[in-house]
Amino acid sequence: MINMLRKITHSISYTFTILFRKPIKSLAVILSITAFTVLICLMEFTIQKQEDLLSDMYEQFKINLVIMDKSASYSEDLSMNKKYASLFMDKENVLFENLSNLKIRSKGEEEITVTDEYGDYITSLNVIGLTYLPDTSEFDVTTEMGIDYDNSMLMSGRNVCIVPNRISSIGSYVYIKSEKVEELVEYLVIGTYEQEDIIFFCPYLNYSELLASSSNNIYSIESDISNTKAINDIEIFLLKYFIEPSIAGVTPVGTNELGLQYAFSFVIPKGNLEEAIDPIKADIKKLQILEPFVFVFSIAIGFIISMLSIKNRKAEFAVMRSIGASGKYVFYISFIEQAVLCIIGASIGALISWLSYSQLSDQQLNKIMIFVACYLLGTIIEAISIASLKVMRIMKASE
Amino acid sequence: MADMAILQLDKVSYEYRNKHQTVKAVNEFSYEFNQGLFYAITGKSGSGKTTLLSLMVGLDVPTEGVIKYEGKNLKDMNMDKYRREYVSLIYQDFNLFPLLTALENVMYPLKLKGQKTSEGKLLAMDKLKMVGLDESYYKRYPSMLSGGEQQRVAIARALVTGSSILLADEPTGNLDTENGNNIVSILKDLAHNDKFCVIVVTHDLEIASVADKTLSLRDGKLIL
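Chains as they are written, first to last, in the numbering used here: chain R, 1 to 399; chain F, 1001 to 1224.
Okay, chain R solo, but in the shape it has when bound:
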C-alpha cells in the first residue's frame, strides 16, 4: 500500500518535474489550449452579442399596437369589445405566431366582494383583467409570485388572482361575489402585492367571461413584434378591424364594424425596422454557419496537439518500459501530463473569457468541456498506443 502510494506520488512528481523543466514546450501547449478556448468563447460570445443586439433592436422598434377608441383618452373610459382581444388570442390568426409580450388590459366599473369560505365579508376590490404580470411602472404594485405559478396563468381563463397580501397568502383561496355572480366563487391566490391598493388582478379571459358586466371592457392592447417579416400580413389583418391613424394627430375618419372609431399604430415605421434588423440577422446567420467550423477546427487541432505531444516522447516512454515501468504507469504518466496542461490552458482561457465578457454562458462552458474532453480523448488514444508499443523497435528507430 505504501509502495503504491509512493509510486503514485512519484508519477505525479515526475509529471510536474518534466513540465517545469521544459517550460517553453509546456507553455506553448498551455497557450495553444488557452487560445482555442478563448476562440471558442469568442465565437459564442459574438453570436450572443449579435442576438442581444437583435433583441435590443426589437425592444427599440417595439410595435406598440395601441388599439384604442380614438374618442376616449388612452387609459380610461375606454370600451372595446372583447371580440378584439380574441383576435389576438386566436391561434388561427396571423397575430398569434408573430407577436410577443401580448398585453391586454381590461377594466370595468364592477366592484367585487371578497369573503372567507363561509361568505363573511372581508373587503371590496376593483377588478382588472390582464394577460400579463402587473408591474410597478404601470400599476404601482410590486408583485410577488408563488414559486409554483407563473404569469402564463394570466393567459388562461382559470380562477386565479393576485391580491393585496393583507387579504390572503400565496397558495390559499379567496372567495368572491359580484353583481354578475351571486354564488361564492373560489379563486386561487397565485401572487400578492404589498401596497395598500384595492385591485383584484385576474386573467383577462376569466374577467371577461365570469366577472365583467359589460362586453366593452378592454382599455388597451399592446404587443411587441417577434417576426418583422410578418408586418405586412399583420397590417393587412388589422385593417380589417381597425383604422390606421393618420399623421400629425389628425383623427382618422372611419368606423369599424361596430360603428366605433378604433385605431392601431405601429410606433416605429416598419421600413426602418427591417433596415436595422436585416444586417444583424445576416451577421448572425454567417456566424452561425462559421461557428461549428471554428469549433470543429479547434477540437481537431487540440486533438492533434495532444497526440503529437505524446508521440514526440515515444523514445522516453520506451526507455521507461525497458527499465520496468508497466504499460499502465506509462499511460498514467502521459495522461496526467497532458491533462494538467489541458486543464490549466482551458482554465486560463475560460478566465480570460470571463474577465473579457463578464460572464460565461452555459453554452460556452459546454463547448469548453467538449474541447477538453476531445483533447483528453486524443491523449488517451495516444497514451494507449504508447503503453502497448514495441519498445525495442522504437529504441532502434530512434538510434
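No wet-lab data here; the hints were simulated from the structure.
Where hints are given, some of them may not hold.
Claimed, not checked - So the derived label-pair ranges between C-beta atoms look like this:
id, chain 1, residue 1, chain 2, residue 2, range
1, R, GLN359, F, ASP1126, 57 to 63 angstroms
2, F, SER1216, R, LYS390, 24 to 30 angstroms
3, R, SER385, F, GLY1071, 33 to 39 angstroms
4, F, LYS1213, R, LYS390, 26 to 32 angstroms
5, F, HIS1203, R, SER385, 30 to 36 angstroms
6, R, SER385, F, ASN1018, 16 to 22 angstroms
7, R, VAL294, F, LEU1122, 54 to 60 angstroms
8, F, GLU1064, R, SER385, 26 to 32 angstroms
9, F, TYR1141, R, SER55, 57 to 63 angstroms
10, R, ALA28, F, GLU1064, 44 to 50 angstroms
11, R, SER361, F, VAL1061, 53 to 59 angstroms
12, R, LYS390, F, LYS1139, 31 to 37 angstroms
13, R, VAL294, F, HIS1203, 53 to 59 angstroms
Stated by the list, open to error - Short derived list, chain R residues pointing at chain F, Cβ under 7 angstroms:
id, residue
14, ARG6
15, LYS7
16, HIS10
17, ILE18
18, ARG21
19, VAL319
20, SER322
21, ILE323
22, GLY324
23, ALA325
24, SER326
25, VAL391
Just so we're clear, the structure is a prediction, and the values are computed from it rather than from any experiment.
Think of the CB as a built atom: it goes at the ideal place given N, C-alpha and C, for glycine as much as any other residue.
Fit chain F to the supplied structure of chain R, relying on the hints for placement.
For chain F alone, kept in the frame of chain R given last:
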C-alpha cells in the same frame, strides 16, 4: 554440482510478419548464461542480435522455445517486475531521461519500485561512485555530460536495481576508443568482481576479443 545458469534459452525462435513476408529473426537459439562471465554476441546487422536481446530482457515473447530465469519460465513471471528487478539494459544511445539530472536518472528505477527517496538517493550515489562519477556530476543534466559519462550514468542506472543480469546493446557504439575501452573495462569488472552476468550485443570485434565467451549469430541462428 555446477551452478544453475542464471538465464537459459532453449530452442528460442522469434518470427514476425512484415508487409511482404514472415521473418524468422531468431531461429532455435539455445544457450545458458552464467553469472560472473562477460559474454559478447556478435553478428552482422540484421542477424537477430537486437531481437534476441529484447527477448532476453522480456520486451518480447518468443514465438517458440523457452527462456528461463533461474530455472523459472519467463512466461510465468511478471515481465515488468522482471525488468525492474532481475535484468537491466544499456543502450548504444545511453537513453537517459534528458530532463532529469544524473542522480535523478539513476534513482528513477528505484522510484518505479516504490523505494523511499532517501534510501534510493544513497544507493544511486553509491552506484555513480562505482562507475567513477563523483558528486560534481550529480546535478548535471545528460546534455552537460560527455558520451562516456552518459554511458556511465546509464550503467549506474542499470546497476541500481540490484539485478544480476546486465544486457548491453552496442554500449560503445557512440563512444571514442578511450571511452569505449573504459566502458568495456567497467562491464568486465562488473562480471568478474561483482558476479554480474554481462551480455553485450555488438559488432565491435575488439569487445568480442576481450569477452569470456563470444557467440556469433547468423540469420538468427547461433554459430558455434
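Here's how the hints hold up against the structure:
Taken as a hint, the range 57 to 63 angstroms holds for the pair R/GLN359 and F/ASP1126, whose Cβ atoms sit roughly 60 angstroms apart. Taken as a hint, the range 24 to 30 angstroms holds for the pair F/SER1216 and R/LYS390, whose Cβ atoms sit roughly 26 angstroms apart. Against the hinted window of 33 to 39 angstroms, the Cβ-Cβ separation of R/SER385 and F/GLY1071 comes to about 36 angstroms, which satisfies the hint. Separated by about 29 angstroms at the C-beta atoms, F/LYS1213 and R/LYS390 satisfy the suggested range of 26 to 32 angstroms.
Here the CB-CB span from F/HIS1203 to R/SER385 is close to 32 angstroms, well matched to the stated 30 to 36 angstroms. With their beta carbons about 19 angstroms apart, R/SER385 and F/ASN1018 fall inside the hinted range of 16 to 22 angstroms. For the pair R/VAL294 and F/LEU1122, the supplied restraint of 54 to 60 angstroms holds, since their beta-carbon distance comes to about 56 angstroms. A C-beta distance of roughly 28 angstroms is found between F/GLU1064 and R/SER385, which places it inside the suggested range of 26 to 32 angstroms.
A beta carbon spacing of about 59 angstroms between F/TYR1141 and R/SER55 agrees with the range 57 to 63 angstroms that was offered as a hint. A beta carbon spacing of about 48 angstroms between R/ALA28 and F/GLU1064 agrees with the range 44 to 50 angstroms that was offered as a hint. The given range of 53 to 59 angstroms is respected by R/SER361 and F/VAL1061, whose C-beta atoms sit roughly 54 angstroms from each other. Distance hint for R/LYS390 and F/LYS1139: a CB-CB separation of about 34 angstroms, consistent with the stated range 31 to 37 angstroms.
Between R/VAL294 and F/HIS1203 the Cβ separation comes to about 55 angstroms, which falls inside the hinted range of 53 to 59 angstroms. Interface hint status for R/ARG6: upheld, as the beta-carbon distance to the closest one in chain F is roughly 4 angstroms, under 7 angstroms. For R/LYS7, the interface hint holds, the least distance from its beta-carbon to any beta-carbon of chain F being 5 angstroms, beneath 7 angstroms. Taken as an interface hint, R/HIS10 checks out: its beta carbon lies about 4 angstroms from the nearest beta carbon of chain F, inside 7 angstroms.
The beta carbon of R/ILE18 comes within 5 angstroms of a beta carbon in chain F, closer than 7 angstroms, and the hint placing it at the interface holds. For R/ARG21, the interface hint holds, the least distance from its beta-carbon to any beta-carbon of chain F being 4 angstroms, beneath 7 angstroms. Residue-level restraint check for R/VAL319 holds (minimum Cβ-Cβ distance to chain F is 5 angstroms; threshold 7 angstroms). For R/SER322, the interface hint holds, since its Cβ comes within 7 angstroms of a Cβ in chain F; the closest pair sits about 5 angstroms apart.
Satisfaction of the interface hint for R/ILE323 is found here, the shortest Cβ-Cβ separation to chain F being roughly 5 angstroms, below the 7 angstroms cut-off. For R/GLY324, the interface hint holds, since its Cβ comes within 7 angstroms of a Cβ in chain F; the closest pair sits about 3 angstroms apart. Using the Cβ-Cβ criterion of 7 angstroms, the hint placing R/ALA325 at the interface with chain F is satisfied: the shortest such distance is roughly 6 angstroms. A cut of 7 angstroms between beta carbons decides the hint on R/SER326: the least distance to chain F is about 4 angstroms, and the hint holds.
With its C-beta approaching chain F no nearer than about 5 angstroms, R/VAL391 sits inside the 7 angstroms limit, and its interface hint holds.
The structure is consistent with each of the numbered hints, conforming to all of them.
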